[in-house]
Amino acid sequence: MAPSRPRGAAGPHRVSTNHRLRILYAAVILIMGIIVLRLFYLQIIRHDHYRQAALSDQLKQYTIAADRGIIYAHQGDNVVPLVLNQKLYTLYADPTLVNNPNASAAKLAAITNGDEGRYSQLLKTRPSRYQVLAKRLSENQKSKILALGLPGVGLQAQDYRVYPQGALAANLLGFVDDSGNGQYGIEQQFNNQLAGKQGMLKAITDVNGVPLAASRDNIQKNPVAGNNFVLTIDTAMEQQVQDILQAQLKKVGSKQGCVVVMDPNTGSIKAMASYPTYDPSKYYQVSDISAFNDLAVSDPIEVGSIMKTLTISTGLDKGVITTNSAYPDPGYVNIDGATIKNVLPIPENPVTIKDVMRDSLNTGAIHVFKLLGGGQYDQQGRDILHDYLVNHFQLGKPTGVEQPGEGAGGIPNPDQGSALNLQYANTSFGQGMTATMLQMASAVSSVVNGGTYYQPHLVEKETGTNGSSDSFDTKIVKRNVVKPSTAAGLRDLMEYVYDSNYAIYSSQLHPGYNVGGKTGTAQVAINGGYSKTDFNATFVGFVGGDKPQYVVAVMVKDPYTFESEGAQAAAPIFGKITNMLINDFNVLPTSH
Amino acid sequence: MARRSPLNTAGPRYSDGAVRRHKPDHWLLVLSGLLMGFGLIVLYSISPGLSASQHVSQSYFVSKQLIDVALGIAAFAAAASMPLGFWPKSAKSLAVVALLCSALVMVMPVDQMYQAHRWIRLGGFSFQVAELIKLALLVGVAQFLAEQYRRDKIADFQSTLKPLIILLLVVAAIVAKLQSDLGSAGVIIAMMFLMAYVAGIPLKKVMMVGGIALVVAVLAISTSAYRRDRLATFLHPEKDCLTTGYQACQALISVGSGGVMGLGLGYSVQAYGYLPEAGNDSIFAIIAEKFGFIGTVIVIVVYGAIITRLKRIAEHTAGMFQKLIVAGVLAWLAVQMTINIGAMVGLLPLKGITLPLISQGGTSLIFLTAALGIVFQISRYTSYSLVEPAIDANETPTTNYSFDGRGLRRPRNAPLVTRPRA
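In the order they appear, the protein sequences are chains S and P.
Its first residue numbered 1, the first sequence is counted upward by one per residue in our numbering.
Its first residue numbered 1, the second sequence is counted upward by one per residue in our numbering.
None of these hints come from the bench; they were simulated from the model.
A quick note: this is a predicted structure, and the numbers were derived from the prediction, not measured.
Glycine is no exception: its CB is placed at the ideal position from the N, C-alpha and C atoms.
Among these hints, one or two may not hold up.
Example chain S residues on the side facing chain P (calculated, C-beta under 7 Å, incomplete) [what the hints assert, rightly or not]:
#1 17
#2 30
#3 32
#4 35
#5 47
#6 202
Hey, can you work out the whole structure from these sequences and the hints?
Here you go:
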């Protein structure tokens, strides 16, 4: 240190410059020390905190979409796809990067056939960074847009379902929404299996979310494609059934209807049509979502007189009647203070069971119910009928078919409630109870096939991407539903009904084949009573040779025609389907 | 030689007497070169991220910085080859050029990014006027203070302090107000302030200048919305990480996530668009992320080494002008480094100034290397034979001493002790 002037001494002001220089230097070194301490605090003590903060910004998780499973169906002996996947493109923009919204909008709208005004509006919505302009653009449109080289405009690939068979079987297939979730039908029922497992990429990314290659923390899990499904449906049959249904509904002025065609010997559903329907590739244009329903599965109704097939089967099986039984019938029945009549007059007394089936006599069905009770309307009769309907014919509970939102229907409780005998008298001819057409088709199948209740099903096979395949074996729900003699009896009765009434059904005889059926006309319950004007028409029947090969259930809701709706509204559908089955679908004629 | 005026002295004058022209301080060259080379490496490694976010080719930043470094070396070489007498003489012309540029920059179109008149852009070349002002003031203030010192007017309010205060206000008005560059204004004012301090202006008066600087700073901050925001951000960090505090937060994240060893040269993530100005004002945070605590400490140690060399040269240089130039460069470097790093580690509010010698940014680099070039030349004329070769308090200007070192024979009262070289 240089000698410096003593404090207070007189003279010109002079201080040691080097002294001050050293103070300055010391201050700088001190500040550096503070910075180093601070760095120690930030980089070592608080390292974990900031590392987490960094990762929460930088580490992004991406899902890698798995290919959705394909749904196949039969076409004769071949298996053809009903639903495939296709890459389509979503057009989006980052408005902060778009420099000429109006011109860009015009160019884009010309390619996408979009609304130019809306586009330019979207392109101007700053400070938004993401605006979707159009969805479902084709590969061709995509390349045209890319060729424009517009700043701030991008395209994103997304998988969409395509339907090589058009709107075929839409109601049982369902659709896949924009978020990739199956809705309704098979798509919803097997959404998890069809969707597969999404892959995952956990990666350090740049600020725009682009993964950086040079990162040691990236984790990638490849997606697993969804399983493929083969349905029991025959596409050709499905198409014709759909056409027949729609034509007839139009003819009789009905807005809703459905048909089930199943193989009674396996429970396989060969065709299942529902109306109203929709185009699954344009599901988003559907305004009334009831069009998505599969009525044969989701809509339990009071089935009407087709129920008599099951009541009479019960009587035959319990031995209280035979196909030739006869009884005196006054044409009306009084139970619990109510009078039940028939639509058609009593032909001649004594009335036979064949007459009951042919002319659909409610009093005849009630007669069987009475016989089940040992000659009176009582608990025993109710219990037996309930036991058969629920435990043998599996009514009142979902069948377990591979469709979401299946209706269970309902059979009255035999033990509880008021006017139980009246309720069961009504149930014996299909009122005061509900069932879906699929339940009816399955129940009738279980009788006419000789007494085995097969689980109705739509899926034949599920194939995993690893090659594993899962056949959906025919599943027997109940054996010995009825005795073989009952089965034969009911077949005879139904054949008799068809042979007597085919003309009313606008149908024809099919020599060499066995065709049987039963109409139904159900009053529609409204406001606690029955509507005077609205009826539902139903039909259940079978087609085959030595044994029934197809069971068909038909429902037509609220047609214009009056009374006898079953015959006039629903039966022609059965008639046409019968022709179609015999002509095109290998029904084996009888051997004798 | 009869003439004594230091203003027209030429090189050979220094060779007589005790202070011979000798080898310059090569450490200065080595350490500055280290920082510039390091800056290039860091910039090269983050080029993919920078170029992706700014839509230029990957080689854009490195080739631009290579040119800047080359220009910086040229500026260093040019400044180092000038005879010492050149600088006092050119103080006035430098000031005139700086003023002209300040006027010119006002008629240039406003910069899109900063909404301020800071750059003169000609073709692909851009030039930040504040950096020229820094160099002009370094020379000008050193010359003025040395002259006042020589005239023993250093403590005089009227002749020394008043002009300084006026100068300070003018600089504040031009740089902070017109160019809207409070960071550079702060560096310049701090540099002037510290030069005045080293020159020996009485502490009370130094404090007064400091007080005025403080008032100016408060005014500057309180009259500008974005400066208020930056201050508020600084006072409440991590509160508003997504908007005004974004850069501060991202800088802390970069620094903190580096840890002890850092993520490695090629593994910086923050440079990929997260941290704004990653190659420029925020490069220290990127260094911290890449090289960790060890890296940041090494960088600071290198700065410390340069500053130590500067202090040593200043201590041992012969004249007041040289001493003040070196002290000024020391202050320039130290203040700029402190403000930049301080902001990156959350100790100071963010200011748009570069990390000396490392940051991308040509003007700042070229003028600082020029200043270091001057120091390099000065370092040829240090004397280590005496404890304090410079001006002694008892020595009056009437002796045959002049601040250019001409009279630097052994002072009468200097002890005859030599100190080992530090």
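**Message:** Take the shortest C-beta to C-beta distance between residue 202(S) and chain P; is it under 7 Å?
**Reply:** violated (14 Å)
**Item:** Hint check: 7 Å Cβ-Cβ cutoff, residue 35(S) to chain P
**Value:** Residue 35(S) check passes; min Cβ-Cβ to chain P is 6 Å, inside 7 Å.
**Request:** Verify the interface restraint on residue 30(S): the C-beta must sit less than 7 Å from at least one C-beta of chain P.
**Result:** violated (11 Å)
**Request:** May I ask you to test the interface hint for residue 47(S) with respect to chain P, counting a Cβ-Cβ separation under 7 Å as satisfied?
**Result:** holds (4 Å)
**Prompt:** At a threshold of 7 Å, is the proposed contact between residue 17(S) and chain P supported by beta-carbon distances?
**Reply:** holds (6 Å)
**Status of the hint placing residue 32(S) at chain P (closest C-beta pair under 7 Å)** = Holds. Min distance 5 Å.
This entry does not satisfy hints 2, 6, going by the numbered hints stated previously.
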